[in-house]
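Protein chains: 2
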Amino acid sequence: MELWLIERHTDRLSLNVKVEKTVYREKTRYQDLAIVDTYEFGRALILDGVIQTTERDEFIYHEMLAHVPLHVHTNPERVLVIGGGDGGTIREVLRHPTVKEAHLVEIDEAVVRACTTYMPSISCALSDPRVRVIIDDGVEFVKDKAGEYDAVLVDSTDPSGPSLGLFNVEFYSNVARVLRDGGVFAAQTEQPFFEPDLVRRIFHMISQAFPVARPYLATIPTYSSWSWCFTFASKGEHAENVMPTRCTGLRYYSREVHLASFALPPFMHHLFEQDVATG
Amino acid sequence: MELWLIERHTDRLSLNVKVEKTVYREKTRYQDLAIVDTYEFGRALILDGVIQTTERDEFIYHEMLAHVPLHVHTNPERVLVIGGGDGGTIREVLRHPTVKEAHLVEIDEAVVRACTTYMPSISCALSDPRVRVIIDDGVEFVKDKAGEYDAVLVDSTDPSGPSLGLFNVEFYSNVARVLRDGGVFAAQTEQPFFEPDLVRRIFHMISQAFPVARPYLATIPTYSSWSWCFTFASKGEHAENVMPTRCTGLRYYSREVHLASFALPPFMHHLFEQDVATG
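Listed in order, the protein sequences are those of chains A and B.
Just add 904 to the spot in the first sequence (first one is 1) and you have our numbering.
Just add 904 to the spot in the second sequence (first one is 1) and you have our numbering.
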């Protein structure tokens, strides 16, 4: 028997990944969770049929979500990650020796549990004494707080199901308020080649909540056949004011890659033109 | 009936593209040529089962192959394209108002003929009076010439069949000799994420023939799920000495994208480390 995971980028385009076996499957309170062993990418976390992360290429996504904003901050000490129950973003956050506390707010406890058991190379940092894992809805978590974090990173699934409320002006405004002075923000903000309207809408919402908002790109093999869009935002810090790299063990991120990731090809400019801040 | 084109990146990973119909098919002297209409990417040229170019994303590949080297040259007048029978690279070359003559050397006359008939948006420039189409083996064409071109661009299929001789130190040395003083070179040099050893071998060969050789990246949806590698080379001109953009109508290339394309993530450095010139 040959098993292939079919990851539909659109209904006319898919990435097909040969699968060795299903390791774990659970219908959680929020989503259909599967962990499978693939031949090309090693072990993979699948939520509602969509590849979230794989052992082979997760470093690209997690490094770019964490290190771009954190290297714009002069001294990030308290960091909040919303989503990201696999632990990969937290692992990257902890590479910054300045970080004293990292809070992970994940809505689905089953993701944390399954990744802790089955994907230790990604979840390994969740047991670090600097980390607090909070099972809660990120939308609610930021509602009643202000000035608590140096960085907020949103590591969500696509905007549907449990993640829908994380793509919302009110949420972004709450995140802005939760940041201390000099605070920075980044989020995964979807696929600009195949979903330009979605990317434009998300960017517009973030731009309404932050005076500085800048899209940046990274290419991740299991994400959609083209570069993925992230958005950096802040209350004033500029995306290109990069601190010297303060982490070791990085495989994708560097100062050069940081700066290069903000160079958008001209065919994409219109998605961000009216809103793009001067950061 | 649903038709799907299965583009195998590896034997464990494929990109599957839904096809409306086959427009043209020919077993040429050199390869199996097909032109198909896809739903996601428009019309596509397929050689020996591998997607070569599609109407929707060809601009990325052709702009990056042509404009990176040509914008390093102060005044490119005579340009040689080897391969590229679809005409897309020549079309980009002719955007440079400095160019007086562009020669296309394509081994397979059937590619030129089929693309002229069925892919006019890509092949349109082949009838320009500045263009000469020469049906010949590029390997032979450069053997007995010296100091004739300001730029040589190698727009080949993967290194097998008719393209094998284009991935070879002797060929690259002949190309270097064919360049005038100040001449520049670029080639498509395969897929670094899934085929790192191949990319390393090709880069090593180019580095033996040119004092300056620099890899650069661009992400093309139908090419392999990660960024594609190109190589810039010259007898002394440095890849980052970019002229002001002298072309109109560009959708992917810009000065910023040019510079960003040379920023390689750290996990790839080792592929080019021993050989990388200081260009």
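Treat the hints with care, as some may be off.
Which copy is meant is left open, so a pair is good if it fits within one copy or across any two.
Dumping the calculated SDA-like pairs for lysine to any residue here, alpha-carbon to alpha-carbon at most 25 Å [stated by the list, open to error]:
{"id": "1", "residue 1": "LYS922", "residue 2": "ARG1105"}
{"id": "2", "residue 1": "LYS925", "residue 2": "PRO1170"}
{"id": "3", "residue 1": "LYS1047", "residue 2": "PHE1097"}
{"id": "4", "residue 1": "LYS931", "residue 2": "ARG982"}
{"id": "5", "residue 1": "LYS1139", "residue 2": "ARG1159"}
{"id": "6", "residue 1": "LYS925", "residue 2": "PHE1097"}
{"id": "7", "residue 1": "LYS1047", "residue 2": "LEU1068"}
{"id": "8", "residue 1": "LYS922", "residue 2": "LYS1139"}
{"id": "9", "residue 1": "LYS925", "residue 2": "PHE1098"}
{"id": "10", "residue 1": "LYS922", "residue 2": "GLU906"}
{"id": "11", "residue 1": "LYS931", "residue 2": "CYS1151"}
{"id": "12", "residue 1": "LYS925", "residue 2": "GLU1141"}
{"id": "13", "residue 1": "LYS922", "residue 2": "PRO1100"}
{"id": "14", "residue 1": "LYS1004", "residue 2": "ILE939"}
{"id": "15", "residue 1": "LYS922", "residue 2": "PHE1166"}
{"id": "16", "residue 1": "LYS925", "residue 2": "GLU1005"}
{"id": "17", "residue 1": "LYS922", "residue 2": "ASP1101"}
{"id": "18", "residue 1": "LYS1139", "residue 2": "LEU909"}
{"id": "19", "residue 1": "LYS1049", "residue 2": "PRO1170"}
{"id": "20", "residue 1": "LYS1047", "residue 2": "LEU1154"}
{"id": "21", "residue 1": "LYS1049", "residue 2": "ARG960"}
{"id": "22", "residue 1": "LYS922", "residue 2": "VAL954"}
{"id": "23", "residue 1": "LYS925", "residue 2": "GLU911"}
{"id": "24", "residue 1": "LYS1049", "residue 2": "THR1152"}
{"id": "25", "residue 1": "LYS1004", "residue 2": "LYS1049"}
{"id": "26", "residue 1": "LYS925", "residue 2": "PRO1148"}
{"id": "27", "residue 1": "LYS925", "residue 2": "ARG912"}
{"id": "28", "residue 1": "LYS1004", "residue 2": "ILE910"}
{"id": "29", "residue 1": "LYS922", "residue 2": "LEU1102"}
The hints are simulated quantities; they were obtained by calculation from the structure and are not laboratory data.
Each hint tested on the structure:
no.: 1; hint: LYS922 to ARG1105; verdict: neither (34 Å within a copy, 28 Å between copies)
no.: 2; hint: LYS925 to PRO1170; verdict: neither (42 Å within a copy, 32 Å between copies)
no.: 3; hint: LYS1047 to PHE1097; verdict: neither (33 Å within a copy, 42 Å between copies)
no.: 4; hint: LYS931 to ARG982; verdict: neither (33 Å within a copy, 63 Å between copies)
no.: 5; hint: LYS1139 to ARG1159; verdict: within (22 Å within a copy, 29 Å between copies)
no.: 6; hint: LYS925 to PHE1097; verdict: between (31 Å within a copy, 24 Å between copies)
no.: 7; hint: LYS1047 to LEU1068; verdict: within (16 Å within a copy, 61 Å between copies)
no.: 8; hint: LYS922 to LYS1139; verdict: neither (44 Å within a copy, 44 Å between copies)
no.: 9; hint: LYS925 to PHE1098; verdict: between (30 Å within a copy, 22 Å between copies)
no.: 10; hint: LYS922 to GLU906; verdict: both (7 Å within a copy, 21 Å between copies)
no.: 11; hint: LYS931 to CYS1151; verdict: neither (37 Å within a copy, 55 Å between copies)
no.: 12; hint: LYS925 to GLU1141; verdict: neither (46 Å within a copy, 52 Å between copies)
no.: 13; hint: LYS922 to PRO1100; verdict: between (29 Å within a copy, 21 Å between copies)
no.: 14; hint: LYS1004 to ILE939; verdict: neither (31 Å within a copy, 58 Å between copies)
no.: 15; hint: LYS922 to PHE1166; verdict: neither (33 Å within a copy, 32 Å between copies)
no.: 16; hint: LYS925 to GLU1005; verdict: neither (37 Å within a copy, 57 Å between copies)
no.: 17; hint: LYS922 to ASP1101; verdict: between (31 Å within a copy, 22 Å between copies)
no.: 18; hint: LYS1139 to LEU909; verdict: neither (42 Å within a copy, 47 Å between copies)
no.: 19; hint: LYS1049 to PRO1170; verdict: neither (39 Å within a copy, 38 Å between copies)
no.: 20; hint: LYS1047 to LEU1154; verdict: neither (34 Å within a copy, 45 Å between copies)
no.: 21; hint: LYS1049 to ARG960; verdict: neither (37 Å within a copy, 46 Å between copies)
no.: 22; hint: LYS922 to VAL954; verdict: both (15 Å within a copy, 19 Å between copies)
no.: 23; hint: LYS925 to GLU911; verdict: both (16 Å within a copy, 23 Å between copies)
no.: 24; hint: LYS1049 to THR1152; verdict: neither (32 Å within a copy, 50 Å between copies)
no.: 25; hint: LYS1004 to LYS1049; verdict: within (19 Å within a copy, 65 Å between copies)
no.: 26; hint: LYS925 to PRO1148; verdict: neither (43 Å within a copy, 53 Å between copies)
no.: 27; hint: LYS925 to ARG912; verdict: both (20 Å within a copy, 21 Å between copies)
no.: 28; hint: LYS1004 to ILE910; verdict: neither (41 Å within a copy, 49 Å between copies)
no.: 29; hint: LYS922 to LEU1102; verdict: between (29 Å within a copy, 23 Å between copies)
Hint compliance for this structure: hints 1, 2, 3, 4, 8, 11, 12, 14, 15, 16, 18, 19, 20, 21, 24, 26, 28 are not met, and every other hint is.
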